[in-house]
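Sequences listed follow chains A and B, in order. So this note's numbering is basically just the index in the first sequence, starting at one, shifted up by 986. So this note's numbering is basically just the index in the second sequence, starting at one, shifted up by 29.
Think of the hints as simulated: they come from the structure by calculation, not from any bench. C-beta atoms are modelled at their ideal positions from N, C-alpha and C, and glycine is treated no differently. Honestly, I wouldn't trust all of these hints.
To be verified - If you want a taste of the chain B side facing chain A, the calculated C-beta under 10 angstroms gives, among others:
| id | residue |
| --- | --- |
| 1 | V62 |
| 2 | A63 |
| 3 | S64 |
| 4 | E113 |
| 5 | V117 |
| 6 | V120 |
| 7 | V121 |
| 8 | W124 |
| 9 | G125 |
| 10 | W128 |
| 11 | W132 |
Stated by the list, open to error - Label pairs and their computed distance ranges (CB to CB):
| id | chain 1 | residue 1 | chain 2 | residue 2 | range |
| --- | --- | --- | --- | --- | --- |
| 12 | B | N178 | A | H1000 | 25 to 35 angstroms |
| 13 | B | N178 | A | P998 | 24 to 34 angstroms |
| 14 | B | L85 | A | R989 | 27 to 37 angstroms |
| 15 | A | H1000 | B | L109 | 12 to 22 angstroms |
| 16 | B | E51 | A | S1010 | 22 to 32 angstroms |
| 17 | B | A184 | A | L988 | 41 to 51 angstroms |
| 18 | A | S1008 | B | V205 | 26 to 36 angstroms |
| 19 | A | H1000 | B | E90 | 29 to 39 angstroms |
| 20 | B | L189 | A | P1033 | 44 to 54 angstroms |
| 21 | B | R41 | A | I1017 | 41 to 51 angstroms |
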Amino acid sequence: MLRILEINLNHPAHYVSVGPFSVSTGNLTIIISMFAIFVVALFLPFPDHAQSEKHAALKSEKR
Amino acid sequence: MSTKSSWTGRVRAATLEKFEPEDLLPEVQPAYVASWIYIFGVATLAALIMLVASGLYLTLEGPAWWHTSNIGHYVNSVHLWSVELFFVFMVVHLWGKFWMAAWRGRRLATWITGCLAFFASIITGFTGYIIQTNFDSQWIATQAKDGFNAVGIGAFFNTLNTGQAILLHVSLLPLVLGGIVIWHVILVRRKGVVPPIDEAGE
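Please construct the entire structure, taking both the sequences and the accompanying hints into account.
Right under this line is the structure:
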């Protein structure tokens, strides 16, 4: 069943070339993934965010 | 005799007395730390732990094992994917810290140790790629030797010398990287996590 998940890497790499720039599709995928993770990390709400804000508010009230 | 007249006293004053246990092992963090962007530092550390653990296993068993046995293939893959995740998490951590200007508030040493850890990781990663003992490592080593010779360091670091690369990868560089990472984490703990720019009133 897991055979469908296998990626055959036994061939020369595929490259994306734009003018003087050339990057393998593997590296390009990693770079795009990193940008996506960065953007998601900035905007995805943190699970404990509301609770942390409440905690900070309580703390500042005590002061 | 004053405690600080001896080197032990001076070392204690320079280290232990400056590090409050509450700073080194805090239980709570400021509210602004509750964001996914603050996760990537510890995610990098988690990937590093997996790297060291799988690397120790590979070191014990050797290339004949990791090229031929099922468990060897698995541990080799764990090591490879730990490297991939280590660099992905570290780069996202770097972007996050760069855009929040994390060197503010006398945190320059933290920023610089982070940069040093990044460069040490690249060199460690490179030596790892040239000791895979496969056609990929042969290709990388033969191509890289010309680059190293061109910049004048080929006499000190010969990428075709597999023995040198192995010793660098499994002994010297992990010690250097480990030391820098521990220093970096201690500085983060000592100075605290950098607040957002608007929070700090800057």
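Hint check, failures only:
Hints 11 and 16 contradicted; others consistent.
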